[in-house]
Amino acid sequence: MTDISYTPPQSGSRMAKIVLRWGLYLMLGVFILFYLMPLFVMITTSFKSLDEIRTGDLISLPREVTLEAWRTAWSEACTGIQCEGVRPYFWNSVLIAIPAVLISTLIGALNGYVVAQWRFRGANLFFALMLFGCFIPFQVVLLPMARMLGLMGMAGTIPGLIFVHVIYGLGFTTLFFRNYYVSIPSELTKAAKVDGAGFFRIFWSIFLPLSLPIIVVTVIWQFTQIWNDFLFGVSFSQAGTQPVTVALNNIVNSTTGVKAYNVDMAAAIIAALPTLFVYVVAGKYFVRGLTAGSVKG
Amino acid sequence: MTKWFEEHLPKLVLAPSFIVVLIFVYGFIGWTAWVSFTRSRLLPRYELDGFIQYDRLFDSPRWDTAFSNLFVFGFLFIVIAMILGLILAILLDQNIRTEGAIRTIYLYPMALSMIVTGTAWKWILNPGLGLEATVRGWGFEDFTFDWLVNPDMAIYTVVIAAIWQSSGFVMALFLAGLRSVDQEIIKAAQVDGIPTWRVYTAIIIPAMAPIFLSAFIVLSHLAIKSFDLVIALTGGGPGYATDLPATYMYTMAFSRGDIGQAASSAMIMMAVVFTIVVPYLYSELRTKDD
Amino acid sequence: MAPILEINNLFKSYGSVEILKDINVSIEQGDFLVLVGPSGCGKSTLLNCIAGLEPISGGTLSISGRDMTHVNPKDRDIAMVFQSYALYPTMTVAKNITFGMKVRGVDQATQDEKLKQVAGQLQIEPLLDRKPGQLSGGQRQRVAMGRALVRDPKLFLFDEPLSNLDAKLRVEMRTEIKALHQRLGASMVYVTHDQIEAMTLATKIVVMKGGVIQQIGTPSEIYNHPANLFVADFMGSPAMNLIPATTRMNGKGLEVEIARANGTPITLIDTNNKDLPENVILGVRPEDIADASLRGGEGRQEADCMIDIVEPAGADTYAVMQLGGKHVTARLHAETGAVAGQHLNLAFDLGKVSYFAPDTGERLN
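Residue numbers (the UniProt record's numbering), protein chains in the order written: chain A, 1 to 297; chain B, 1 to 290; chain C, 1 to 365.
FYI, nobody ran anything at the bench for these hints, they're computed from the structure.
As the structure is a computational prediction, the values presented were derived from the model and not from experiment.
Every residue gets a Cβ at the ideal spot worked out from N, C-alpha and C, and that includes glycine.
Incorrect hints may have been included.
What the hints assert, rightly or not - If you only want the chain B side, here are some residues facing chain A, beta carbon under 10 Å, derived:
(1) Val-20
(2) Trp-31
(3) Leu-42
(4) Pro-44
(5) Asp-228
(6) Ile-231
This is chain A alone, in the form it adopts within the complex (with noise of 0.2 Å):
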């Protein structure tokens, strides 16, 4: 306390503040660089020819810029004795993920909105039930959930995919539900219940209308998660029923021919453009159904 005339580090000199400031750049500029390289690689990759990759170096540009290596992925790569591309796989994806995504979304609400505002004994145990579902390894569950499948005659089908999907994804869509209705009053509903309105009226009339915000993170959640999924994709399918995860893998791992580079490039990135597109376009959404995912209560 003795020395009166000190200064708080915040004014020190000029220079060194502006050093420190450009320090920070060449940092988070390093950090674009790591993140952003690998994406980079894949995309002039795949519009290089094998030739050019074979003499080239990574991160050159492509000399001559060619789409063959993406006609030949989107409908003629192998993925085993199969060579159609990724295409077939591309809409079994798309066949399997939106009513997977609509039916868990549509459950979850309703699981959510029964245990947010129609309390009763018993529903947190539900919910803590629902919860710890989210967070098994699902290797514990896939050779009975294999044997059930062939017991319910969907082994290998979409329609079984399906089934899969929105039953392991009802832990989340329920949890995000659940913890966006418990912050709306309780009042809401009573006042509903003595206007006369029931269950479903209520639910329809006067949640439904608040939940846009937590529908869309639901729904870019389950998209993201059951388009990118691989294990149940490569348990459950057969041959004509895979994901595009799985038929990118198998055109990447195929033995047959050469190794083209570039096709694998560009297959991964028309397996990555949906849920890429989405974050590009909802990106808010999807960052807050991470936490939300992550951060409980």
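Chain A is fixed; fit chains B and C onto it per the hints.
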């Protein structure tokens, strides 16, 4: 009748989900647990036979590799992703004008499938044509970076790709945490003349302890479930050098037709998740739901 | 005619915790019943039970003679105004008000007519197309009232409807609710923790504590004849002075002696009461202690007291002194000559005092 129906409607709405979860989560866990105590091979058998599958598992060198890989991979992945995520969050917290755009770039890998990530990194790390060849092309003829095909180093390529994929997410968590620290405390510290780095180490980071816990839980959960990335990047190879419990389980279940081994390895995975997640969930549910 | 609301032996428990114990209340058409008590006393739970929003564990409840114990809220012919107003956020004010009618299938023409009538009554016509988010607290309050009024129910229920408003608005709305009650002649049950609201609005007050009714009565009964120490302390601001005292009978009446820290005890003679136990708690409202030089006379007992603190409050001046080991507040006329640290001759009006048993807290006179 209608009154009974009306009164129990909420329960009726939950009932299908409840039944489904009971069967498809808890029932299935039970089934797998049961089978892990039998002599099941190609087909499941239901006569209990003690710990035979677990004995086989722990005698298997392949499982040994897979299990120790989990800890090497898990430890490095979690620690580096957390440190990197924290650094990125702190860097971005310095009033960066283009923060939104930079955040978007750091986080986009999280939107990709692990298969896509694995495919991309497999190409980049390919010794013949990838990074190694490129750096050699720049004139560094002795540069070698053959981790992908080196059995001793291949697991670290998985670590690199996994960190690339997930560290942006850790950053997002931490950034949210940094922003949620009471601004008045920070202002008070600044008025007291405390240097910025001390404000971080003494005030902000300790206040984020719960976020560290969440990040740890999520990352360890990701580590244990890691499957797609290994399949796409290394296929578990060279040999089985990069096997993880998840790939071991899958191989046993669907390639080797060894249901007993698949079930017992899955149960071990379950046990690992259990020891990490259950205390966390328990404390969360207790504090949040009175 | 059957009472508009009759509650008999109502019990309510969550698991093993009893929230409401043996509640018995009944009100007639046109009554304004206020349930008052500290937070956690069960008053809101009781209101929710009346509304049918909480099932009751025992007892019966009837509205207008019909047993409603197990009837759904919508069939009880009630309307309710909530603390947070509970306006439907995605609906306009008009839709908020007509939602109940819409659910019940009332035809559009009737809906419009009733909406118009209620909107006029509450002067909210300019707000009808807005969403609740665009309204001020007072406006939301009006809309919530409108939603209740449009129902034209047998019984209105209010759950602390004014507690989210600022002080000035709260007083205005209080007057408005009172005016509304007088105009409609409707029956109302109103929950509040604010004893002034209770006093000003009620025709009948129920004071609750710990899930048990402490006293039921008109505001004047509650105020002047509190049934126990809790009611005496809870109702009135500043609170009733509760002073330990000893009594004995002598020729002139009941002699009440209050100890003082330094100096002789005060002795007051009460001619209205007799034969009380030796040790009592004497309850005196602040306004029943006056400056003897300004307001002496019949039935008043004078005593010289040392004034510790003087708090001028505009219309009144409060003087605080130590009697019987307690702070005792007197509400004096603003023109009093009371000065802190000096003695003042005070007049105690023993005609209105209460006596309580120190052990049970029950009223003795």
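Quick rundown of the hints versus the structure:
1. Interface hint status for Val-20 of chain B: upheld, as the beta-carbon distance to the closest one in chain A is roughly 6 Å, under 10 Å.
2. At about 4 Å, the closest approach between the beta carbon of Trp-31 of chain B and any beta carbon in chain A falls short of 10 Å, and the interface hint on this residue holds.
3. Interface hint at Leu-42 of chain B: violated, since its Cβ lies 12 Å from the closest Cβ of chain A, which is beyond the 10 Å cut-off.
4. With a least beta-carbon distance of about 8 Å to chain A, the hint placing Pro-44 of chain B at the interface is held under the 10 Å criterion.
5. Taken as an interface hint, Asp-228 of chain B checks out: its beta carbon lies about 4 Å from the nearest beta carbon of chain A, inside 10 Å.
6. Interface hint status for Ile-231 of chain B: upheld, as the beta-carbon distance to the closest one in chain A is roughly 6 Å, under 10 Å.
Checked against the numbered hints given earlier, the structure breaks only hint 3 and satisfies all the rest.
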